[in-house]
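**Student:** Here is how the chains run, residue by residue.
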Amino acid sequence: MTAKRRQIWVFGDYRNYFQNRVTLQLLSRATDLARKIDAEVCAVVFGDKVDEWVGEYIAHGAEKIYRTDHPRLAAYGVETYTLLMERLVKREKPEIVLVGATAFGREFAPRLAKRLVTGLTADCIGLDINGEGLLVQMAPSFGGNLVAEIVTPERRPQMATVRPGTFQEIPHDYARTGEVVDVPMPRDLPADRVRLVQSERCPQRDQKLEDAKVVVCGGRGLGSKKKFAKLFELAELLGGEVGATRPAVYADWADHNALVGQAGKQIRPQILFCFGISGAIQFTAACNGAKFVIAVNKNPNAAMMKRADVAIVADASQFCAALIQEFKKRFRS
Amino acid sequence: MLKLVVCIKQVPMVSELPWDPKTGNLQRDLAEGMMNPACRSALDAALRIKEAVGGEITAITMGPPMAEEVLREAIALGADRGVLLTDRKMAGADTSVTSHVLARAIEKNCPGFDLVLCGLATSDSETAQVGPQLAEELDIPGVTYVDELEIRDRTVRMQRIADYFLETLEMDLPGLVTVMAGRHAPRYVPLGGLQAAFAEADIVSLDAAAIGIDPERIGAKGSATKILNVFSPTEGKENIVLTGAPKRIVEQLFERFDDRIGSALGRDLKTDKRSS
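First to last, the protein sequences are chains A and B. Just so we're aligned: the first sequence equals residues 14 to 346 in the working numbering. Just so we're aligned: the second sequence equals residues 21 to 296 in the working numbering.
Just chain A, same shape as in the assembly (with noise of 0.2 Å):
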């Protein structure tokens, strides 16, 4: 008999939407580490009536499911589905096991990995596999303004919580197949001790600008709410939102839901735009995920000027004015 092959399981987080996104980022993830240490992608999914999540994570690339449909699971509860998840994982002996870091994977992964005694990396920001073989899990610290790497050598599954939007998930395919393991509901599960009197599901805010892959965000720099404004013409323009730091929230340049900061939202774009912006460590915990940053500013000397791709040293609001000129050109060649 062949050994069995290796596995890396994601943890079926399907609540609310953002949580399943989170998920199917996990396992688009999961695929290419899988191809690194050719390994299996599972997905584990508990609850009641799952079907349409099992469905979902076979066309997001989970080549295997481990279900247990239960009405008991019907309300995610942490401690059923740390004992269930840790029996499982005693079974099946997984190499990784990957949580979103969700508020609930947040308080679950850690409960897990406490009585698997392995190791766990909260809210990673990136996840490889070394030359090793190991899973280098990437993790922020300060706000993101140090980044850890961090492997678990001995201890078994290497396990991470991991920030939703670190990964994109991949297109689904509802024409590949996997296999469905079904695990039994556990006779002797212990009544939960903590007890849910009540949920109501919050009105969602809109994650405009958490999913923008352009942002254009401004600070003090800019000087007046008119200057500000221009903001909004080079965003809709570039096709992107505008974000604001906590100096032109309180001055009233911008509304309160367009503020980035530890405080308000935190973006990813692919591009960002800083626009007098001195870079105080609230704001730039929120965007250290933007893939290529550019930041106008008249002092060279500015902790933004120094965190950006491209720093320019120009009066902000001139040089976004100059900007728009370009762009507005480059659009209609």
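Don't read these hints as lab results, they were simulated from the structure. Be aware that a few hints might be false.
Claimed, not checked - DSBU-like cross-link-like pairs, simulated, lysine-lysine; straight-line CA separation at most 35 Å: (1) A:K239 x A:K304; (2) A:K278 x B:K109; (3) B:K241 x A:K106; (4) B:K267 x A:K342.
Mind docking chain B on chain A? Use the hints.
**Tutor:** Using the frame of chain A, we list chain B on its own:
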């Protein structure tokens, strides 16, 4: 009387963190310490329980000897006693080991505890893992992301918002909660607080041997995770600086980066002149 335990971490004062202007790196050794904001909320929640129904609060911290400062601060604000866990052997612990040490210290110093309160996460490492793992170690139920809580007849009733659900939860004591940062009004040190904190503070300092834990299981040595490397995410960025008149800079920008900007925008930005 309710026995409350508040776990507190001293973290560097982020707003005043000294940055290396060349590398953008943090000069951690120069930073001043402060009580982690979410731990302050946990302490505040414990103080409100004490004010409402009575109770005895033990503040506990693990860290270098200077971490005693946050215990004195907690006592000044109304905690009854402090426990400092300090030992060079404990340094470099991951969350699993940290929760192991805290659990053994709580069992030893606070037998018969009713409720353990932690901050949701710390501002320096932000793992949010110690609370849930401490609940595992103590074999008690736990709830994270707690906004509001009240205790009635040995049951804690809590509200939280997690993953876009507004939830009301109940948990029997003993149990553990992690409290969101910012859920507290500013508190002032009451009359007598300073005296309590400095003249007659009830603070014990314990090392690994005093807690009775296996030195092989603590610190960096006992941790399942290993840090390979720490870097600034801006490292390796070229940080090209462009200066001059705005129009001239715009020209330079597109000369050098039209491909990168174009691919980010999903459009071809090449002018006819260049593409022909």
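**Student:** Does each hint fit the structure? Answer for all of them.
**Tutor:** Hint-by-hint comparison with the structure:
1. A:K239 x A:K304: holds (29 Å)
2. A:K278 x B:K109: violated (39 Å)
3. B:K241 x A:K106: holds (24 Å)
4. B:K267 x A:K342: holds (13 Å)
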